[in-house]
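Asks: Sequence:
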Amino acid sequence: MSNDDIKDVSFVHSEAFNRQLASRKWITCNFNAYPRIMMFVAVDEMNKIVGYIQWLQKSGFRKETVVELEQIAVLPAFQGKKIGTELINCSLKFIKEYLVTQNSILKSIMVTTRTDNLAQKLYKKTLGVEIVATIKNLYSADEVVMVTKYT
Numbered sequence: 367m368s369n370d371d372i373k374d375v376s377f378v379h380s381e382a383f384n385r386q387l388a389s390r391k392w393i394t395c396n397f398n399a400y401p402r403i404m405m406f407v408a409v410d411e412m413n414k415i416v417g418y419i420q421w422l423q424k425s426g427f428r429k430e431t432v433v434e435l436e437q438i439a440v441l442p443a444f445q446g447k448k449i450g451t452e453l454i455n456c457s458l459k460f461i462k463e464y465l466v467t468q469n470s471i472l473k474s475i476m477v478t479t480r481t482d483n484l485a486q487k488l489y490k491k492t493l494g495v496e497i498v499a500t501i502k503n504l505y506s507a508d509e510v511v512m513v514t515k516y517t
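The sequence shown runs 367 to 517 under this note's numbering.
Simulated from the structure, these hints should not be mistaken for lab results. Do not take every clue at face value.
Below, computed lysine to aspartate or glutamate pairings styled on EDC-like, alpha-carbon distance capped at 16 Å [what the hints assert, rightly or not]:
(1) LYS473 / ASP410
(2) LYS491 / GLU452
(3) LYS391 / GLU411
(4) LYS448 / ASP482
(5) LYS447 / ASP482
(6) LYS502 / ASP482
(7) LYS391 / GLU381
(8) LYS473 / GLU509
(9) LYS414 / ASP371
(10) LYS414 / GLU430
Could you build all of it, start to finish, from the sequences and the hints given here?
Replies: Listed below in structure tokens is the structure:
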């Protein structure tokens with residue numbers, strides 16, 4: 367993702383997360399937090415941004431890194447076309463390669479999401495995460511914490 371993508375990614379964010387405010391500010395802050403937060407985009411055949419993903423390195427830069435799939439979104443018209451799967455797989459490959467450059471390896475992946483979010487199935491299938499906890503009424507509903515281990 368580049369600085370030029372912020373406007374379009376902000377639009378995807380606002381469409382996907384309509385309970386959240388200030389999409390442009392949120393996306394700009396996260397983009398500026400690189401390399402702690404790494405963002406990637408998906409484009410259609412016209413090179414229009416139709417989705418994005420952001421990964422967050424947890425608890426400092428370490429030899430064994432925990433990353434969180436902090437947010438993923440695909441425009442409604444493009445959902446069901448495996449774009450989310452591709453975003454996860456392609457970006458995770460880059461994350462693993464990047465970790466090598468900071469003398470680190472991927473220890474585990476974490477995802478938090480609403481208990482009623484159908485994307486849990488995607489996370490389980492692509493990442494192998496399992497629910498380890500449920501937090502009652504965390505944001506707008508109950509949230510599950512999903513984790514997988516690599517080492």
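Asks: Please go over all the hints and tell whether each is borne out by the structure.
Replies: Hints versus structure:
1. LYS473 / ASP410: Violated: LYS473 and ASP410 sit about 32 Å apart, past 16 Å.
2. LYS491 / GLU452: Satisfied, since the Cα-Cα distance of roughly 12 Å is no more than 16 Å.
3. LYS391 / GLU411: The given pair, whose Cα atoms are some 28 Å apart, is violated under the 16 Å limit.
4. LYS448 / ASP482: Judged against 16 Å, a Cα distance of about 20 Å means the pair is violated.
5. LYS447 / ASP482: Since the Cα atoms of LYS447 and ASP482 sit roughly 21 Å apart, the hinted pair is violated (cutoff 16 Å).
6. LYS502 / ASP482: 12 Å, holds
7. LYS391 / GLU381: Roughly 15 Å separates the two Cα atoms, so the pair holds.
8. LYS473 / GLU509: The given pair, whose Cα atoms are some 23 Å apart, is violated under the 16 Å limit.
9. LYS414 / ASP371: 10 Å, holds
10. LYS414 / GLU430: Outside the cut-off at roughly 36 Å; violated.
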